[in-house]
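Work out the full structure, taking the sequences as your base and the hints as a guide.
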Amino acid sequence: MSGVMAPTRGQILSLYKQFIKNANQFNNYNFREYFLSRTRSTFRKNIKQEDPKVLMNLFREAKSELGVLKRQSVISQMYTFDRLVVEPLQGRKH
Amino acid sequence: MFRSVCRISSRMAPSACRNIVGRPIMASSILAQRFYSANLSKDQVSQRVIDVIKAFDKNSPNIVNKQISSDTQFHKDLGLDSLDTVELLVAIEEEFDIEIPDKVADDLRSVGETVDYIASNPDAN
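Line order of the protein sequences matches chains Y and H.
The C-terminal position of the first sequence is numbered 94 in UniProt numbering, with every residue numbered one higher than the one before it.
The C-terminal position of the second sequence is numbered 125 in UniProt numbering, with every residue numbered one higher than the one before it.
To be clear, the hints were calculated from the coordinates, so they are not data collected in a lab.
Just to be clear, a hint being listed does not mean it is correct.
Unchecked claim - Rough simulated footprint, nothing fancy, chain H against chain Y, three-plus residues with beta-carbon under 8 angstroms: (1) 12 to 22; (2) 33 to 44.
What the hints assert, rightly or not - With a straight-line Cα cutoff of 30 angstroms, these simulated DSS-like cross-link-like pairs (lysine-lysine) come out: (3) Lys-21/Y <-> Lys-54/H; (4) Lys-66/H <-> Lys-45/Y; (5) Lys-17/Y <-> Lys-76/H; (6) Lys-42/H <-> Lys-48/Y; (7) Lys-54/H <-> Lys-48/Y; (8) Lys-63/Y <-> Lys-21/Y; (9) Lys-48/Y <-> Lys-76/H.
Positions of the beta carbon are idealized from the N, C-alpha and C atoms, including for glycine.
The structure is reproduced here in structure tokens:
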């Protein structure tokens, strides 16, 4: 094998999209906001990263984390939580 | 297909045809309505897209104070980078209850293009 295949820009954006979508599905405000901000900050932290090796590792890591996120968001939908005071009463923003 | 069969047979025995298919002429118009009823007007779509953009909470003052028209470009005029654009499109997807495929999403650079896409998507509501 010659070199490492770096993930393309499209693949990364599509992964980001899946993170945001799944994070949005949490019923619980704290979990939802946590995962949204965590997703944003991790992707942004590496926005200038160009080393294909590092990128591939990050990509792989993020993919397995996405699995965790998907499972947890499904589980979170099985429980109901009271609204917090910080949440708007009429509908959510997202 | 059904109709043509019906037409042929109705020439010979109109009453028999009616018995088999039930109102043969009505059938096609009902189907057409069911498939194409959810279309939104372009004005409605663009108003809702603009509302989503205004509510998009990353808000740089760029978005809040800006007059948004169909020519507004996400990157150039609103200062959104690729990650922000993805997030905005997710918010828009949720608003209209559709899924924008990645290939299309790559080409959506302005409010107008997005509105056109949504207006042409029969699933949008």
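Pair hint outcome, Lys-54/H versus Lys-48/Y [Cα-Cα no greater than 30 angstroms]: At roughly 28 angstroms apart (the allowed maximum being 30 angstroms), Lys-48/Y and Lys-54/H satisfy the hint.
Do the alpha carbons of Lys-17/Y and Lys-76/H lie within 30 angstroms of each other, as the hint requires? Roughly 21 angstroms between the alpha carbons, so the hint for Lys-17/Y and Lys-76/H holds.
Within 30 angstroms, alpha carbon to alpha carbon, are Lys-21/Y and Lys-54/H? Judged against 30 angstroms, a Cα distance of about 20 angstroms means the pair holds.
Assess, step by step, whether the Cα of Lys-42/H is no farther than 30 angstroms from the Cα of Lys-48/Y, and give holds or violated. Violated. Lys-42/H to Lys-48/Y sits at ~38 angstroms, over the 30 angstroms cutoff.
Lys-66/H paired with Lys-45/Y [C-alpha distance capped at 30 angstroms]: At roughly 28 angstroms apart (the allowed maximum being 30 angstroms), Lys-45/Y and Lys-66/H satisfy the hint.
Hint consistency between Lys-48/Y and Lys-76/H [alpha-carbon to alpha-carbon, up to 30 angstroms]: Holds, because 20 angstroms separates the two Cα atoms, which is no more than 30 angstroms.
Count the residues of the stretch 12 to 22 of chain Y whose CB lies closer than 8 angstroms to any CB of chain H, then report whether that count reaches three. holds (count 6)
Stated coverage of the stretch 33 to 44 of chain Y by chain H [criterion: 3+ residues, CB within 8 angstroms]: It holds, with 3 qualifying residues against the three required.
With a cut-off of 30 angstroms on the C-alpha distance, tell me whether Lys-63/Y and Lys-21/Y pass. 14 angstroms, holds
Violated hints amount to a single one, hint 6; each of the other numbered hints is respected by the structure.
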